[in-house]
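One letter stands for each residue in the lines below.
There are 2 protein chains.
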Amino acid sequence: MTTIAQPKTALSAAGVKDIPAQSEGFVFNHTMLRIKDPVKSLEFYTGVLGMTLLRHSQFPDAKFDLYFLAKLTEEERANLPQTADLTAYVSRQRSILELTHNYGTENDADFSYHNGNSDPRGFGHICFSVPDLAKAVAWFDENGVEFQKRPEDGSMKDIAFIKDPDGYWVEIIELKY
Amino acid sequence: MTTIAQPKTALSAAGVKDIPAQSEGFVFNHTMLRIKDPVKSLEFYTGVLGMTLLRHSQFPDAKFDLYFLAKLTEEERANLPQTADLTAYVSRQRSILELTHNYGTENDADFSYHNGNSDPRGFGHICFSVPDLAKAVAWFDENGVEFQKRPEDGSMKDIAFIKDPDGYWVEIIELKY
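Read top to bottom, the protein sequences are chains S and V.
Take the first sequence: its position 119, counting from 1, is numbered 119 in UniProt numbering, and each next residue is one higher.
Take the second sequence: its position 127, counting from 1, is numbered 127 in UniProt numbering, and each next residue is one higher.
Among the hints, a few may not be true.
[What the hints assert, rightly or not] Subject to a maximum C-alpha distance of 25 Å in a straight line, what follows is the list of computed DMTMM-like cross-link-like pairs (lysine to aspartate or glutamate):
| hint | chain 1 | residue 1 | chain 2 | residue 2 |
| --- | --- | --- | --- | --- |
| 1 | V | K40 | V | E106 |
| 2 | S | K17 | V | E152 |
| 3 | S | K36 | V | D18 |
| 4 | V | K17 | S | D158 |
| 5 | V | K17 | V | D37 |
| 6 | V | K17 | S | D37 |
| 7 | S | K163 | V | D18 |
| 8 | V | K17 | S | E171 |
| 9 | S | K176 | V | E76 |
| 10 | V | K8 | S | E43 |
| 11 | S | K157 | V | D61 |
| 12 | S | K176 | V | E74 |
| 13 | S | K63 | V | E152 |
| 14 | S | K149 | S | E43 |
| 15 | V | K149 | V | D119 |
| 16 | S | K17 | V | E76 |
[Said to hold, decoys possible] Derived Cβ-Cβ restraints for the label pairs, each shown as a range:
| hint | chain 1 | residue 1 | chain 2 | residue 2 | range |
| --- | --- | --- | --- | --- | --- |
| 17 | V | G154 | S | M156 | 41 to 49 Å |
| 18 | S | F59 | V | G104 | 40 to 48 Å |
| 19 | V | M1 | S | E24 | 42 to 50 Å |
| 20 | S | T73 | V | N79 | 17 to 25 Å |
| 21 | S | G25 | V | S155 | 20 to 28 Å |
| 22 | S | K63 | V | A84 | 48 to 56 Å |
| 23 | V | G104 | S | E24 | 32 to 40 Å |
| 24 | V | T83 | S | Q58 | 40 to 48 Å |
| 25 | S | D37 | V | A21 | 21 to 29 Å |
| 26 | V | Q82 | S | P60 | 49 to 57 Å |
| 27 | V | G104 | S | E74 | 42 to 50 Å |
| 28 | V | D119 | S | D85 | 32 to 40 Å |
| 29 | V | S112 | S | A78 | 40 to 48 Å |
[What the hints assert, rightly or not] The following residues of chain V were derived to be distant from chain S, with all beta-carbon distances above 12 Å:
| hint | residue |
| --- | --- |
| 30 | P60 |
| 31 | A109 |
| 32 | E152 |
| 33 | D153 |
Think of the hints as simulated: they come from the structure by calculation, not from any bench.
The beta carbon of each residue, even a glycine, is placed where N, CA and C say it ideally should be.
Taking the hints into account, I'd like the entire structure generated from these sequences.
Laid out in structure tokens, this is it:
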């Protein structure tokens, strides 16, 4: 096996290995969450967090849809490929959010997904970093977003957690330079 | 509220809104998963998937550690900031994987986290896109990685799902150009 040394300023810890040549070109592309109601989720991820819907795959026979979103920069929005099918573009990106909607859950008042932060635990959260935490908090309040943890709660004043429409935790941290 | 039109080639769907100016500069930074044994997880994410450990935050009083990893390109590895504290760098990246280790779980034979794909469902998977799916599958086999779905299983021949040491599903798709 051919390996590539980890960068000098990368950290080591028990278990950390050199980089296998076989993994070159791998891209950590997306995270998938199941959602109850796509209208509510799309309103939140586009209208509050400012994401862009890049791909919508519909599987009516199997009764589910997939939505692929990204938080694009102004430059990326200007340079988005001029094609209606952005599947290839999406495959090359990082930090895509895939939302899976199984038809009908939005009409079932008793239905909800599990956010991973109570038993049985597992998945914890997704996180957005923002230029100004206080301004972001004000923006979330303006939109009636529910907080799991406001910056002033607890000891970590530089972190907030909001909840998406399914109750998944979305950590909010400030970008550092 | 000032909004920015979604790009022309972006998709629309019920719920999709224009981009609020207040979200400009937001970055979808990371996804957090809890892990039972950091040695096994770091072996997998660095030694099989080729990620780099960029930040290791230790909270011995609260008995947990956080590990932040990224799948870097050769260019990014060469240009990593020359500082031991990459916290600021990490805050600006996309597709960071945060692994949370609560001390002691690695020694509890009966302990396991929930991967979100059986009841109660919620989180589904993370996904890596790879330059060559068949070569990636051969690499995973060489490392004894467990498959949830091999490419030849089911109708979707261009997708595989492997399992990380906690049983979280990792989708593998091929990069498209």
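Do the hints match the structure? See the list:
A C-alpha spacing of about 9 Å is found between K40/V and E106/V, which places the hinted pair at or below 25 Å, so the restraint holds. A threshold of 25 Å between alpha carbons decides the hint, and for K17/S with E152/V the separation of about 30 Å lies outside it, so the pair is violated. A C-alpha spacing of about 22 Å is found between K36/S and D18/V, which places the hinted pair at or below 25 Å, so the restraint holds. Of the supplied pair hints, the one linking K17/V and D158/S is violated, its CA atoms being roughly 29 Å apart against a limit of 25 Å.
Of the supplied pair hints, the one linking K17/V and D37/V is violated, its CA atoms being roughly 41 Å apart against a limit of 25 Å. This hinted pair checks out: K17/V and D37/S have alpha carbons roughly 15 Å apart, not beyond 25 Å. Under the criterion of a C-alpha separation no larger than 25 Å, the hint pairing K163/S with D18/V is consistent with the structure, at around 21 Å. Of the pairs offered as hints, the one joining K17/V and E171/S holds, with about 22 Å between alpha carbons and a cut-off of 25 Å not exceeded.
Between K176/S and E76/V the alpha-carbon distance is near 18 Å, which keeps this suggested pair within the 25 Å criterion. With a CA separation close to 18 Å, the supplied pair K8/V and E43/S stays within the 25 Å bound. Between K157/S and D61/V the CA atoms are separated by roughly 18 Å; this keeps the pair inside 25 Å, and the hint holds. Between the alpha carbons of K176/S and E74/V the distance comes to roughly 23 Å, so the proposed pair stays at or under 25 Å and holds.
The suggested pairing of K63/S with E152/V holds, with an alpha-carbon distance near 23 Å, which does not exceed 25 Å. This hinted pair checks out: K149/S and E43/S have alpha carbons roughly 22 Å apart, not beyond 25 Å. Proximity of K149/V to D119/V is assessed by CA-CA distance (about 19 Å); at most 25 Å being required, the pair is judged to hold. A threshold of 25 Å between alpha carbons decides the hint, and for K17/S with E76/V the separation of about 18 Å falls inside it, so the pair holds.
Our hint of 41 to 49 Å for G154/V and M156/S holds, since their Cβ atoms are close to 43 Å apart. For the pair F59/S and G104/V, the supplied restraint of 40 to 48 Å holds, since their beta-carbon distance comes to about 42 Å. Separation of M1/V from E24/S is about 44 Å and conforms to the stated range, judged on CB atoms against 42 to 50 Å. The given range of 17 to 25 Å is respected by T73/S and N79/V, whose C-beta atoms sit roughly 19 Å from each other.
A C-beta distance of roughly 27 Å is found between G25/S and S155/V, which places it inside the suggested range of 20 to 28 Å. A hinted range of 48 to 56 Å holds for the C-beta pair K63/S and A84/V, which are about 51 Å apart. Our hint of 32 to 40 Å for G104/V and E24/S holds, since their Cβ atoms are close to 36 Å apart. About 47 Å separates the C-beta atoms of T83/V and Q58/S, a value consistent with the hinted range of 40 to 48 Å.
Between D37/S and A21/V the Cβ separation comes to about 26 Å, which falls inside the hinted range of 21 to 29 Å. The hint said 49 to 57 Å for the Cβ distance between Q82/V and P60/S, and at roughly 53 Å that hint holds. Between G104/V and E74/S the CB atoms are about 46 Å apart, so this pair conforms to the stated range of 42 to 50 Å. At about 35 Å, the CB distance of D119/V to D85/S agrees with the hint of 32 to 40 Å.
Taking 40 to 48 Å as the suggested C-beta distance range, the pair S112/V and A78/S conforms, at roughly 46 Å. The Cβ of P60/V sits about 14 Å from the closest Cβ of chain S, beyond the 12 Å cut-off, so the non-interface label holds. The Cβ of A109/V sits about 17 Å from the closest Cβ of chain S, beyond the 12 Å cut-off, so the non-interface label holds. Residue placement check: E152/V keeps its beta carbon more than 12 Å from all beta carbons of chain S (closest about 19 Å).
With 12 Å as the threshold on Cβ separation, the claim that D153/V sits away from chain S holds: the shortest Cβ distance comes to roughly 16 Å.
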